[in-house]
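My request is simple: use the sequences and hints to build the entire structure.
Protein chains in written order, with the working numbering: chain A, 5 to 126; chain B, 5 to 126.
No lab work stands behind these hints, which were simulated from the structure alone. Worth double-checking, as some hints may not be accurate.
EDC-like cross-link-like pairs, simulated, lysine to aspartate or glutamate; straight-line CA separation at most 20 angstroms [stated by the list, open to error]:
1. 54(B) / 37(B)
2. 22(A) / 63(A)
3. 22(A) / 123(A)
4. 22(B) / 112(B)
5. 60(A) / 102(A)
6. 22(B) / 36(A)
7. 22(A) / 112(B)
8. 54(A) / 36(A)
9. 54(B) / 65(B)
10. 22(B) / 37(B)
11. 60(B) / 123(A)
12. 60(A) / 123(B)
There are 2 protein chains.
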Amino acid sequence: MAEQLHPVISVRLFGDRKCFGPGVAALLRRVDEHHSLRAAAQSMEMAYSKAWTITKNAENELGFRLLVSSAGGRNGGGAALTENARRLLDAYDRYCAELRDYAARRFDEAFSFCIAAREDGA
Amino acid sequence: MAEQLHPVISVRLFGDRKCFGPGVAALLRRVDEHHSLRAAAQSMEMAYSKAWTITKNAENELGFRLLVSSAGGRNGGGAALTENARRLLDAYDRYCAELRDYAARRFDEAFSFCIAAREDGA
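Following this line, the structure appears as structure tokens:
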């Protein structure tokens with residue numbers, strides 16, 4: 005164990021079922037970059053049908069739209085983030101950062117015995 | 005969205021690479037129940053080779069033993085948790101509970117706009 009033991013926290017949002025997490029967040033960021041759900045999915049090596057499904061599922065669970073379509077263009081029209089999608093991404097990023105900060109602060113105390121156990125090699 | 009939006013937090017421990025998380029924790033609990041790594045793996049429909057690998061990887065990264073073998077018996081001898089494995093499970097459970105509690109307390113403020121956005125249906 006060259007690197008010090010540390011926590012990695014992942015945060016998902018659920019309604020009746022999973023609706024938002026690192027995957028959907030990454031997909032939305034790619035849509036913002038590529039202005040297209042199809043191009044966003046391709047850039048992540050995700051099937052378009054999967055990208056469409058996880059977006060629709062998230063919208064249904066959240067109760068608001070994440071993407072708006074724009075007609076025309078290549079690939080059957082583009083897509084853009086709604087204002088609510090941007091607010092959700094911002095809130096999610098801040099929330100994750102806050103939890104990771106808390107997790108890091110609490111870690112050493114919670115797992116201090118691991119250091120001693122490691123030195124024992126027991 | 006019948007159920008209220010809520011966070012689900014998962015916690016993994018990394019050294020140079022992932023070494024402990026919900027999967028290894030569940031496996032160790034099954035070993036404690038079945039007194040055998042092979043039986044524990046079977047009860048989770050996990051290949052024995054995978055159970056062996058994730059246990060050894062965790063031990064290498066953590067720097068201490070999680071399982072001790074007992075000779076003889078069916079299936080080529082049994083296995084038991086070390087005292088350090090028990091302390092790790094306890095520390096992990098308490099740490100996860102603490103993070104989930106904090107995540108729940110911070111959630112409504114962080115995602116309050118979602119409620120409004122949902123009512124708008126925007």
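Point to revise | Proposed proximity, residue 37(B) with residue 54(B) (alpha carbon, max 20 angstroms) | key: 19 angstroms, holds
Check your understanding: CA of residue 54(A) to CA of residue 36(A), is that 20 angstroms or under?
Key -> 18 angstroms, holds
Check your understanding: Would the pair residue 22(B) and residue 37(B) pass a check requiring their Cα atoms to be no farther apart than 20 angstroms?
Key -> Violated: residue 22(B) and residue 37(B) sit about 25 angstroms apart, past 20 angstroms.
Review point. For the pair supplied as a hint, residue 60(A) and residue 123(B), is the alpha-carbon distance within the 20 angstroms limit?
Key: Holds, at about 18 angstroms.
Review point. CA of residue 22(A) to CA of residue 63(A), is that 20 angstroms or under?
Key: Answer holds: residue 22(A) to residue 63(A) is near 11 angstroms, not above 20 angstroms.
Check your understanding: Straight-line Cα separation of residue 22(A) and residue 123(A) no greater than 20 angstroms?
Key -> Answer violated: residue 22(A) to residue 123(A) is near 41 angstroms, above 20 angstroms.
Point to revise | Proposed proximity, residue 65(B) with residue 54(B) (alpha carbon, max 20 angstroms) | key: Distance ~16 angstroms between residue 54(B) and residue 65(B) Cα, so the pair holds.
Practice item. Take a quick look at whether residue 22(B) and residue 112(B) sit within 20 angstroms of each other, Cα to Cα. Key: 31 angstroms, violated
Review point. Taking only the CA atoms, is the gap from residue 22(B) to residue 36(A) under or equal to 20 angstroms?
Key: Measuring from Cα to Cα gives roughly 31 angstroms; hence the hint is violated.
Point to revise | residue 22(A) paired with residue 112(B) [C-alpha distance capped at 20 angstroms] | key: 17 angstroms, holds
Point to revise | Pairwise hint evaluation, residue 123(A) against residue 60(B), where the allowed Cα distance is 20 angstroms at most | key: 18 angstroms, holds
Exercise for review: Verify the proposed pairing of residue 60(A) with residue 102(A), using a straight-line Cα cut of 20 angstroms.
Suggested key: Roughly 28 angstroms between the alpha carbons, so the hint for residue 60(A) and residue 102(A) is violated.
The structure shown violates the earlier hints numbered 3, 4, 5, 6, 10.
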